[in-house]
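Student: Listed below, chain by chain, are the residues.
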Amino acid sequence: MVKFYLDGKEVTANKGETILQAARRNGSYIPTMCYLSKVKPIESCRICVVEVEGTEGFVLSCSTPVVEGIKVHTNSQKLFQHRSDIMKMYNVNHPLECGVCDKSGECDLQNKTLEFGVDSQEFSAKDMHRPVEDWGFIKYDPALCIMCEKCVSTCNEIVGEGSLQVKLGGYGSQIEFTGDDCGNCGECMAVCPVGALVSENFKYETNAWELQKVPAVCAHCSSGCELFYETKHAGAFTANEEKIYRVSNDFEYKSLCGVGRFGYDVTQRGGKDEKEFDAALSMLRKADAIRFNSRISNEEAKILQTLKERFGYKLLNGEAYAMQRFLKAFGSTSGERYYNGTLEDVKNSDFIAVIGTKVADDNPMVKFHMNMASKNRKARISYLHPIEDASIQNLVTQNIRYEVGTEEGVVALLVASLLKGNDLPSSVKDYFEELDIGNLSAESNVGEEELERLERALVRKNAKTLIVGSDLYTHGRAENMAKLLGLVQKYGDFKIVMIPSGTNTLGVANICELDASAEGTVVGYNAPGDYVIGMDGQLSTPPLPQQEGTLTTIDKRVVPTNAAIPFEGYTLNDLANALGLDAAHTIDYTVQLPKKAGYKAVEFDRLLEEYRPYSPEQNGYLLQNGAESVAMDLEEIAELPEYNGTVVYNCDPAGQMGALSAKSKNLCADDALLGSQQFAVAAKIKDGDTVRFEINGEKFVKVFKIDTSLKGVVAMNPLFSKGLSGDMLCSDYRFHKVNINVESGHNE
Amino acid sequence: MAKVYFSTWRGEFIDNRDLPVEEHKESQYKLPETYEADRDSKAFVGWDGLAIFDADVDVVKMITEYAAKYQEYSEACGRCAPGRWGGKILHDLLDKIARGEGAHSDVEHLKQIAQSMQETSKCEIGKTVPNPILDVLEHFKPTIDALIEEQKPSKYYNDDSISYIGKITAPCMDACPAHVDIPAYIEGVKDLRFDNSLAATRQTMPLAHTCGRVCPHPCEDECRRANVDEPVSIMELKRLGADYETDHGFDWFHPDEVKELKNDGKKVAIIGAGPAGLTAAYYLGLEGIKVDIYEELPVLGGEVAVGVPEYRMPIDKYNVDIDLVASLPAVDIYTNHRVDADRLKEIDGEYDATLLAFGTRLSKKVRAKNEREDMPGYWGAINFLDQINLWEKYKIGSPVDLTDKTIVCVGGGFTSMDVVRCSVRANAKKIIMLYRRDEQTIINNTTYEEYHEAVEEGVEFIFFSSIEEIIEDENGHLKELKVNRFEMKPNPDGGRPKLEKIEGADFYIECDYLIPAVSQSADLQLLPEEWEVELTSWNTLLTDGKTYMTSRPGLFAAGDCEYGPMTIVNAVGQAKRAASVIARYLYEGKTSLSDEEIMEDHLRKLRVYDKEEKVTGWLAGLAREKSEVLGVEERKDNNKEVNYGFTQDQAIAEANRCMRCYYISMAVV
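Top line first, the protein sequences correspond to chains A and B.
Residue 93 in numbering that gives the first Met the number 0 sits at position 94 of the first sequence, and the numbers go up by one each step.
Residue 206 in numbering that gives the first Met the number 0 sits at position 207 of the second sequence, and the numbers go up by one each step.
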């Protein structure tokens with residue numbers, strides 16, 4: 000702690016804290032135009048200067064750490080004059096088109112121009128023509144840009160794309176879109192303080208001040224990103240119908256990916272179709288099982304579990320079932336119910352190993368946090384996967400490409416390396432000593448020298464994280480891998496983060512007693528079945544963005560979310576009540592979430608009361624990590640399977656997250672089969688061919704495209720366009736050996 | 000001293016405008032009154048004021064052009080509000096006055112904008128560009144008022160024959176012999192854009208891994224941050240960009256796109272693949288000019304490879320820098336290729352230009368009685384380090400084992416430090432360093448860290464000592480040294496204190512090896528006598544120090560064989576310049592310098608850094624970051640790199656201490 004004087008009063012700063020940070024924390028206001036809390040100080044606006052006694056000239060508060068004993072003054076006539084002069088410059092040639100600017104009403108330039116009383120323009124400069132640029136989802140208007148560089152820093156430091164850079168050149172300087180790997184996340188737009196960056200689908204739609212902000216949690220993946228659905232009525236002729244106009248977020252501290260930011264147009268308008276409700280009920284009454292996906296709230300999962308307990312339904316959810324078993328096996332060696340890491344831990348890591356996930360596509364938030372670790376901590380990142388991902392070359396320091404199917408062997412080798420030098424009980428030590436490393440290494444194609452390199456990267460690291468993905472949960476040998484990974488949590492100084500494959504997979508796995516399979520009549524809830532309720536079903540129910548309730552995130556955090564806009568039809572709760580349960584609202588189940596899984600008996604409304612938007616803190620609460628009884632029954636590594644020939648990998652691109660996001664018209668990811676040149680040769684196909692193949696009876700007809708960033712003979716097969724049945728394939732091991740037939744050739 | 004007509008340079012005020020010539024005062028600074036041999040300069044404008052040499056200069060046009068340089072030089076501007084808008088307004092208002100459309104209110108606005116820029120611009124350009132402009136507004140008011148009242152363009156407003164030649168500099172860039180754009184590479188670290196950082200370094204310095212480790216960093220002696228608290232740790236920040244490229248396996252971040260091989264028959268030979276040879280090859284290769292390097296040793300890298308030990312400069316890192324050069328399609332390298340006088344004549348006939356960059360690879364003698372190079376136990380530093388490094392880094396030859404041996408080294412520079420610390424690692428029983436002068440001088444000649452680490456590792460330093468006589472045993476083996484002791488006596492005439500021998504204080508040291516590391520000289524046998532190539536008084540190749548051509552047309556020299564044993568960065572700087580001159584020489588048949596280079600030399604003469612300057616706007620007291628080093632027990636018996644380098648937190652904090660002291664200078668010619 001460092002003591003200093005802020006506007007006359009003695010205050011303390013943390014070590015390394017800047018004058019601006021300490022001032023804000025202690026309640027002194029220093030204006031800024033370019034400061035953004037989540038990135039390094041940009042230092043372009045120069046408005047945040049302060050006076051320090053004994054130092055001649057102004058001192059830049061955003062980037063200057065506090066020094067013991069200094070006497071800082073954050074405001075004076077001189078400072079006000081200086082700040083006002085800068086605002087005058089910012090206004091030179093800034094187009095006076097606030098009336099039609101989408102930023103009007105929430106524009107920093109507007110606000111500070113008023114604040115510093117700039118009511119006339121003394122300066123002028125010869126202007127230049129600056130045409131509007133098209134950056135994909137976003138348009139850039141350099142004439143409105145004030146060159147604060149928040150977008151550039153965010154793209155580089157948070158997102159990790161470096162798609163933006165400053166095109167230098169005095170007054171002619173502007174932001175340059177290099178397009179490299181831009182994933183259309185819209186983070187640049189979110190942090191833009193003026194109207195220079197506007198999304199195409201929001202442009203000229205509404206005034207900012209007319210919108211209601213509904214705080215919610217993103218429905219598309221397990222990261223639990225907080226966002227606001229910004230809504231108002233849809234127009235004069237539909238006065239009662241609300242519409243989401245855009246998604247915004249607390250960009251000062253938090254981020255969103257493109258699916259979260261733009262994939263909001265997936266809401267449904269429902270009516271109460273009593274006839275269909277009765278049909279659904281009668282199907283439920285005679286059904287043996289309910290199949291459902293993980294895009295449901297904890298409360299809905301609790302309703303389904305209660306129905307099971309009351310009426311004996313089998314509950315089917317393959318991906319949550321896989322995760323449930325994986326966690327159970329993991330607990331049998333780690334001694335704990337859950338993995339111990341969070342996204343924050345990923346961000347603070349100086350070493351990261353990733354295995355069993357094409358992480359940049361599977362979970363953009365994990366990738367963002369890996370990027371922050373790479374940039375701020377120079378994290379060494381070892382990426383173990385059968386498909387090398389060129390799009391994250393800037394993050395990864397070591398690619399270890401293993402053979403498809405050999406995950407169990409690779410996990411054993413990796414765990415042995417990660418635990419090297421740790422104190423292990425003799426049984427575990429013996430287990431690793433008896434491993435046939437040479438054979439595992441040969442079969443999996445993970446060289447011993449690669450492992451040695453990985454071990455060298457571990458030296459002198461003190462914040463190590465292991466990220467695990469669904470390739471492992473769904474593998475035939477998942478449980479033994481989970482047991483091996485549990486050892487890392489127990490005996491290694493590692494944080495482990497498991498990426499749940501769906502939005503609330505972890506919640507479902509915690510709350511429902513799931514069944515491996517079922518016979519007889521199956522009712523689907525947002526899933527295929529003999530009768531389907533919910534998405535794409537006969538009886539429509541509200542999709543997740545139109546529900547209130549809680550979700551269990553990758554961080555093992557229980558977070559409350561709200562309905563963006565009302566849904567007038569029936570809900571799962573209505574059906575459950577008709578079957579004999581009794582709850583006025585779905586959220587009545589919030590207090591009933593299972594304590595043994597670490598949930599707290601907190602009412603939903605209480606969670607909402609504690610909800611603090613605009614805070615670096617996360618909302619909701621963390622699940623209690625309970626103890627599990629330890630049973631070290633590690634199994635021998637099974638013979639590693641071989642996947643020869645053409646193999647496809649089920650994987651949605653980063654711009655899609657399954658069946659729900661597939662409904663969005665704002666998003667426009669390609670569903671083509673993507674493969675390397677080598678894959679094309681092996682499969683005897685060409686770029687542009689329409690090809691046919693089958694996975695577990697599911698037929699695919701797709702255009703094949705060559706992706707030069709891919710290597711090897713594994714192609715990427717997006718599932719989102721398959722809707723609900725695509726979701727179901729997430730229950731299976733993601734790699735499949737397939738026969739690829741050309742349906743119709745390109746150019747032929 | 001310079002003859003000026005008017006000057007406000009660096010706080011002086013000389014106004015000879017109304018004085019007769021005989022009463023003219025001279026400036027105390029080495030201002031560039033002559034631009035080139037046959038071109039006088041009319042004026043010089045810069046961050047610290049302006050100097051006018053020729054009364055007939057159009058001062059209003061001049062400062063308008065100076066403000067325009069600020070718009071032009073994209074490297075340093077457009078990244079802060081006062082600079083981006085202020086700089087533009089400054090220029091537009093000045094131009095308005097200069098073209099005869101100005102108003103008196105424009106002058107007031109200029110002053111207001113200038114003040115804003117001076118107070119808070121992000122870098123020193125923004126803060127200092129207004130300085131000479133305000134000087135003109137103050138001291139040439141009648142001229143300006145006249146233009147406003149008459150609404151006429153200034154005298155030479157439309158005269159295209161006058162050149163306004165600008166150059167960006169910074170104190171650190173000026174001090175660096177390779178003129179590395181230091182603020183830019185530090186900015187890359189600060190922005191967490193390590194790719195940009197490396198590309199900035201490579202504009203003038205291809206050996207980023209190497210000079211991020213073993214550069215004696217003269218830049219840090221002229222870092223303006225020292226005027227506030229301590230200099231920025233400039234050298235180590237160079238590593239971040241280089242590590243980023245290497246660690247992530249990226250293709251090379253070249254400063255510019257590599258030009259296609261020209262294939263026009265022109266080609267350049269380079270003798271020696273050390274820092275100078277590699278550097279010249281890199282910049283010629285980037286231009287697509289065919290280069291062949293001939294290297295005598297079986298390995299590449301010159302003294303940095305076979306002289307600098309592994310623990311200080313890991314060869315796998317140096318090899319990355321070497322690969323960068325070797326990867327260029329225009330560059331071919333031939334090892335084990337000794338060039339003697341006959342071969343040099345062949346090469347001279349075959350190539351359009353030849354660059355000699357063979358270094359100084361002969362150890363000089365200590366000048367003691369009975370000193371014979373062939374005496375067993377007498378072991379020249381170059382040969383000693385060759386054997387150690389060839390074995391430790393390449394497994395060529397045989398290891399050096401000094402178990403139970405006593406070593407005496409005579410030196411005081413980096414080479415001697417390498418000798419004694421390698422002896423520690425070769426398990427010597429006792430290691431003594433004899434040095435003629437005191438502890439502080441040895442630290443100044445090397446670095447504090449280098450000296451301190453040697454002491455930690457158990458090297459015994461005996462200061463104020465030199466060998467008078469080498470004594471051999473009955474078999475002719477070196478056995479004992481007779482050593483004189485000295486004391487420092489102040490010089491009554493001022494100047495450096497004198498060493499005086501202390502009578503009766505001689506002593507003897509028994510030892511197994513004497514390793515002289517006092518200095519090295521160039522091996523000049525490869526010069527054909529009939530060429531009569533001119534040499535310096537200390538037997539290195541003589542050039543003009545600007546174009547690096549020797550007395551023989553087409554034969555160039557750079558690095559230690561030109562300068563004498565000096566630093567890597569000095570070799571890089573010379574070779575970069577030589578490459579640029581050679582590239583023009585190939586097509587123009589004569590040597591010439593670009594305006595950029597001429598300005599570079601003028602600025603170095605003038606000195607950009609002013610250690611007396613009072614720096615404002617920066618809070619003092621932010622300590623310089625220090626990287627962690629291996630403990631002495633962990634390092635003294637192996638070749639592990641001693642310095643861990645900065646953690647990312649340290650690097651970012653250190654980068655943040657950089658004040659971006661860019662300046663614009665401009666000559667009117």
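Just to be clear, a hint being listed does not mean it is correct.
[To be verified] Straight-line distance between alpha carbons at most 30 Å, and here's what the computed DSS-like set of lysine-lysine pairs gives:
| no. | chain 1 | residue 1 | chain 2 | residue 2 |
| --- | --- | --- | --- | --- |
| 1 | A | K125 | B | K429 |
| 2 | B | K151 | A | K460 |
| 3 | A | K664 | A | K683 |
| 4 | A | K460 | B | K604 |
| 5 | B | K316 | A | K70 |
| 6 | A | K460 | B | K429 |
| 7 | B | K265 | A | K2 |
| 8 | A | K70 | B | K95 |
| 9 | A | K70 | B | K613 |
| 10 | B | K429 | B | K140 |
| 11 | A | K14 | B | K429 |
| 12 | B | K151 | A | K166 |
| 13 | B | K24 | B | K639 |
| 14 | B | K625 | A | K125 |
| 15 | B | K635 | A | K125 |
| 16 | B | K613 | A | K39 |
| 17 | A | K166 | B | K613 |
| 18 | B | K316 | A | K710 |
| 19 | B | K613 | B | K110 |
| 20 | B | K635 | A | K77 |
| 21 | B | K140 | A | K125 |
| 22 | B | K24 | A | K37 |
| 23 | B | K639 | A | K125 |
| 24 | A | K419 | B | K316 |
| 25 | B | K140 | A | K419 |
| 26 | A | K39 | A | K419 |
The hints are simulated quantities; they were obtained by calculation from the structure and are not laboratory data.
Student: Decide, hint by hint, whether the structure agrees.
Tutor: Verification of the supplied hints:
Distance hint between K125/A and K429/B is unfulfilled; the C-alpha atoms sit about 74 Å from each other, more than 30 Å. A distance of roughly 70 Å separates the Cα atoms of K151/B and K460/A; the hinted pair therefore is violated under the 30 Å criterion. A distance of roughly 34 Å separates the Cα atoms of K664/A and K683/A; the hinted pair therefore is violated under the 30 Å criterion. Simply put, K460/A and K604/B have alpha-carbon atoms about 47 Å apart, too far for the 30 Å limit, and the pair is violated.
For the suggested pair K316/B and K70/A, the alpha carbons sit about 46 Å apart, so the restraint of at most 30 Å is broken. Among the hinted pairs, K460/A with K429/B is inconsistent with the structure: their alpha-carbon atoms are about 37 Å apart, more than 30 Å. With a CA separation close to 67 Å, the supplied pair K265/B and K2/A exceeds the 30 Å bound. Restraint check for K70/A and K95/B: not satisfied, since their Cα atoms lie roughly 44 Å apart, outside the 30 Å limit.
Taken as a hint, the K70/A and K613/B pair is honoured in the structure, with Cα atoms around 21 Å apart against an allowance of 30 Å. Between the alpha carbons of K429/B and K140/B the distance comes to roughly 74 Å, so the proposed pair goes past 30 Å and is violated. About 45 Å separates the Cα atoms of K14/A and K429/B, which puts this hinted pair outside 30 Å; it is violated. Between K151/B and K166/A the alpha-carbon distance is near 36 Å, which puts this suggested pair outside the 30 Å criterion.
For a cut-off of 30 Å, the pair hint linking K24/B to K639/B is broken: about 60 Å separates their Cα positions. Annotation: proposed proximity of K625/B to K125/A is violated, straight-line Cα distance about 48 Å (limit 30 Å). For a cut-off of 30 Å, the pair hint linking K635/B to K125/A is broken: about 65 Å separates their Cα positions. Under the criterion of a C-alpha separation no larger than 30 Å, the hint pairing K613/B with K39/A is consistent with the structure, at around 28 Å.
For the suggested pair K166/A and K613/B, the alpha carbons sit about 33 Å apart, so the restraint of at most 30 Å is broken. For a cut-off of 30 Å, the pair hint linking K316/B to K710/A stands: about 28 Å separates their Cα positions. Restraint check for K613/B and K110/B: satisfied, since their Cα atoms lie roughly 22 Å apart, inside the 30 Å limit. Annotation: proposed proximity of K635/B to K77/A is violated, straight-line Cα distance about 58 Å (limit 30 Å).
At roughly 25 Å between alpha-carbon atoms, K140/B and K125/A fall within 30 Å of each other, so this suggested pair holds. With a C-alpha separation of about 57 Å, the suggested pair K24/B and K37/A falls outside the 30 Å cut-off, and the hint is violated. Distance restraint check for K639/B and K125/A: the Cα-Cα separation of roughly 59 Å exceeds the 30 Å cut-off, and the hinted pair is therefore not satisfied. Distance check on the hinted pair: K419/A and K316/B sit about 27 Å apart at the alpha-carbon level, within 30 Å; holds.
With a CA separation close to 77 Å, the supplied pair K140/B and K419/A exceeds the 30 Å bound. Under the criterion of a C-alpha separation no larger than 30 Å, the hint pairing K39/A with K419/A is inconsistent with the structure, at around 36 Å.
When each numbered hint is compared with the structure, violations occur for hints 1, 2, 3, 4, 5, 6, 7, 8, 10, 11, 12, 13, 14, 15, 17, 20, 22, 23, 25, 26.
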